[in-house]
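Residue-level listing of the chains:
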Amino acid sequence: MSEQEAYEPRIIAFLCKWCSSAGSDLAGVSRIQYPANATPITVMCTGAISPMYILSAFNKGADGVLVSGCHLGDCHYMEGNYLARRKIHLVKELLEFIGVEPNRFRMSWVSAAEGAKYAQVIKDFVADLKPLGPQEKLSRTKPEAEHL
Amino acid sequence: MINLQDLRDTARDLLAKGEARAVIGFRRGSRGMAAEPAFITRPEEADELVWDPTCVHNLALYLVEDRKFLAHNRAAPGLPIAIVAKGCDARAIVVLMQEHYFKREDVYIIGVSCEGTGVVDERKLAVHLNGAVASNAVFDGDDYVFTTVQGEKRLAARDVMADRCLECREPFPREHNAVLGENKTGRELAAPFTALARFETLSATERWTYWERQFDRCIRCFACRSVCPMCFCDECVVDSITFPVTAQTTAEEKANRIRWIERSATRSENITYHMTRAMHLAGRCVDCGECERVCPVNIPLRLLNNKMEREARERFGYEPGASIGGASLVGSFRDEDPGSFIR
Amino acid sequence: MEKILDKKRIDDWINALTGWEILTPALEDGVWAYRPVSGAIRLDHTNTAQPPKGLAFPQREVFFSFEQIKGEAPRLTQILPDAKQRAVFGVRPCDGRGTVRMDKVFSDHAADIYYQSRRKNIVYVGLACNQPPGANCFCLSVGGSPISSDGLDVLLTDLEDRYFVTAVTEAGKALIAAAGGLLAEPAANDRAQVEKVHAQAVAHPQRAIDKPNETPAKLKASFKSPLWEELARACIGCGICTFLCPTCHCFDINDEVTGSAPMRGSRVRTWDNCQFPDFTMHSSGHNPRENSGARLRQRVCHKFQYFFENFGMHQCTGCGRCITGCPVGIDIVSVVNKVVEHAG
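Quick note, the sequences are listed as chains A, B and C, same order.
Last residue of the first sequence? That's 148 in the numbering used here, and every number before it is there in order.
Last residue of the second sequence? That's 343 in the numbering used here, and every number before it is there in order.
Last residue of the third sequence? That's 344 in the numbering used here, and every number before it is there in order.
It is possible that part of the hints are untrue.
[Claimed, not checked] Here are the simulated lysine to any residue pairs, SDA-like style, with alpha carbons at most 20 Å apart:
hint : chain 1 : residue 1 : chain 2 : residue 2
1    : B       : Lys124    : C       : Thr46
2    : A       : Lys60     : C       : Val257
3    : A       : Lys137    : B       : Tyr210
4    : A       : Lys60     : C       : Ala261
5    : A       : Lys60     : B       : Val237
6    : B       : Lys68     : C       : Glu230
7    : B       : Lys68     : C       : Glu229
8    : B       : Lys254    : C       : Lys338
9    : B       : Lys68     : C       : Pro288
10   : B       : Lys124    : C       : Leu27
11   : A       : Lys137    : B       : Pro80
12   : B       : Lys254    : C       : Thr258
13   : A       : Lys137    : B       : Thr209
14   : B       : Lys103    : B       : Pro80
15   : A       : Lys60     : B       : Asn256
16   : B       : Lys254    : C       : Ser260
17   : B       : Lys254    : C       : Asp252
18   : C       : Lys338    : B       : Ser30
19   : A       : Lys137    : B       : Asp216
20   : B       : Lys254    : C       : Asn287
21   : A       : Lys60     : B       : Asp239
22   : A       : Lys137    : B       : Glu206
23   : B       : Lys254    : C       : Asn189
24   : B       : Lys124    : C       : Ala135
25   : A       : Lys130    : B       : Leu70
26   : A       : Lys137    : B       : Glu200
27   : A       : Lys17     : B       : Ile342
28   : B       : Lys124    : C       : Gly329
29   : A       : Lys60     : C       : Pro262
30   : A       : Lys130    : B       : Pro300
31   : B       : Lys254    : C       : Glu230
If you are wondering where the hints come from, they were derived from the structure by calculation, not from laboratory data.
Required output: the full structure, derived from the provided sequences and hints.
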């Protein structure tokens, strides 16, 4: 087995409670098979996700970060996902600006009824992350070179 | 051209007539040509005020300091505080007012227009002066004139002004109570975001290599944060040392305080710090350039903030420091905000 | 021991120093810093942005790692620095004297094993200042000089096409011995020239602390002076002065926890800064140095009074970095002179 095949990317998935988290539950009870690489973190709304969470996830060694919430117009808090759309866009642009591979961070709209979609999102994410290898750029787990 | 006497008279009158409790401005410093912040409270001190190419500081920072001082002492502002503000500084004040940090009537803005001539970048100047030290600097039309031991040295302002001045869209302080100098807008000597555009020609790998080198130099002195008027949080989220404690704070709370990043100035922590700061300034940074000027190890911080500013302008139609009543960038949205990146 | 080195042969000397990691000044993105030598050595620097204190006292030092499995006692593993032999070229006399002061704190006064394991493997090859490298130098008025060899192992003096090489310590002699035939004996005109260059260097006008000998007592008498707050009025608490200072050495210690089951992490020392508003924040929420005046007083008195009282020398070496680096023009020479004058 090559080193690449043995590597399993670690994904942190911020899922809004009302839609995407429920969607991931639906994937589970429907017995849809999908890779087990994502650690879900339920948040009340994607609009409540501070960019700090995303940066911190990378800082602690996440190989990929997903933010998933309700479709526009369906937000339990009316506007939260609109605000998230803006904030996440900024985070994404900043990460790419630094030189982090664009495929490491993504956002999706997954409703409570879209169990299959959730599974597909994770499947695609894992497939896109594997060739990139472990995330080392922001990760504090990488050993440090000494500098003055 | 600004008549210095007009500036001094404006300040003197405000204090003499009891219309302001203090005037924050610039005065000659003790080392060479550089101006330094001045805090005058008596009319006769107004003669100390200066206005020249070394007036680089964003004095809005001291409005924040004043507000914190008042809050700490549970004192009401009383009379307004007056401040000498360049175009960039005035935009910073607008952002602070937009965020209700203080009320409009609490600040008397004495706007000064640099009239597109900007302020000097000492690093660029050092190259032109070739080791000589200037003891004085004045504006003269499109030039700066420096006094050195070898005599006077005249330099075109565009050759030694700060990059953020070269790219400035609006040298004139739009928001003001009184204003000196002409409204010479549209006088960009370089297109806005020139430095940013140049950087973005690099590939992702080249960008990373570049930032790696920059952030490896960072010693986490926090000068960038200290000098920014918009970094006014008493508890900085990326500095666990600023955890506020009172006599009632329990040991558990102290021990378990959230540490988003460590104090170590390692590459990962430095990058996370700077990216967090850039995110926190999205839509709020007015590109006064102070963060980049003060950095002791020359990290090109403006690039990060300019990136956020350009996204704000081009994707969201948002201009920082434009109007006091406006919503914040991340607290508002439009139906047409880009969303094609969302799966 | 004194020698002459042809400037064209300095790279040969560096190459002969196998077994040492060589650090020399390098200009990177407009900033002078000590970097592992790469290509021809440059000694045309003014001074490095940061002093060499970071070599023996790095921004981050890991003391030990710990691991605790639930129910058991924690296991600690000391981590001593892997301190290789290093030779640093181009160190200015003010920074050499800075090293002496750092040694006083971390070696003489209390033995810090982390500092010492790095320090004992560092050799400093200094470069005399034929003219002041900066506009804010004031080494002469704090007991130093542009030709001082305090804290250095070798001192080089630039004589245009050659260096006059003076050994200061046994370690310096070893470095010179490694050069073998690259170094020649000085001739009479070499000695004459170096004396002339040194005399000119010392005669060069500098800024000055007006009354360095009276300063400790006058500062002591000025503890309650209202001048401190006035002089610190513009201070933004950025910390640049302290971090760039060759002798400032305050630090913080934190546990960086990296795992929770089992609990594991490292105990880490990082630089801290008395100019940060929260530096003296007590657990109760009380802060005895609540305003920038108190913090400025602390730094100035530490440099010019407390250290003098404890060790008989000013802690400040006159390098001028704090003056050049301060974003708002707070100038330690001006501050000290004003306070001393005011004390009467």
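Next item on the list: For the pair we were handed, Lys254 of chain B and Thr258 of chain C, check the Cα-Cα distance against 20 Å.
Entry: holds, 18 Å
Margin query: What's the verdict on Lys254 of chain B and Asn189 of chain C, does the C-alpha distance respect the 20 Å limit or exceed it?
Written below: violated, 68 Å
Next item on the list: With a cut-off of 20 Å on the C-alpha distance, tell me whether Lys254 of chain B and Glu230 of chain C pass.
Entry: Distance ~34 Å between Lys254 of chain B and Glu230 of chain C Cα, so the pair is violated.
Check: Is the straight-line distance between the alpha-carbon of Lys130 of chain A and that of Leu70 of chain B 20 Å or less?
Finding: violated, 55 Å
Notebook entry, point to check: Does the alpha-carbon distance linking Lys254 of chain B and Lys338 of chain C stay inside the 20 Å limit?
Noted result: violated, 41 Å
Note to self: Check whether the Cα positions of Lys60 of chain A and Asn256 of chain B lie no farther apart than 20 Å.
What the structure shows: holds, 17 Å
Notebook entry, point to check: Hey, Lys130 of chain A versus Pro300 of chain B, does the alpha-carbon distance stay inside 20 Å?
Noted result: violated, 33 Å
Item checked: Holds or violated: Lys60 of chain A to Val257 of chain C, with C-alpha atoms at most 20 Å apart -> Given that 20 Å is the threshold and the Cα spacing comes to 11 Å, the pair holds.
Note to self: Hinted pair, alpha-carbon criterion (20 Å max): Lys254 of chain B, Asp252 of chain C. Please report holds or violated.
What the structure shows: It holds: about 16 Å lies between the C-alpha atoms, which stays within 20 Å.
Margin query: Can you confirm whether the C-alpha distance between Lys124 of chain B and Gly329 of chain C stays at or below 20 Å?
Written below: holds, 19 Å
Item checked: Given pair status - Asp239 of chain B, Lys60 of chain A, alpha carbons within 20 Å -> Status holds; Cα separation ~16 Å.
Notebook entry, point to check: Is Lys17 of chain A close enough to Ile342 of chain B, meaning Cα to Cα at most 20 Å?
Noted result: The hint holds at about 18 Å.
Against the hints set out earlier in the document, violations occur for numbers 8, 11, 23, 25, 30, 31.
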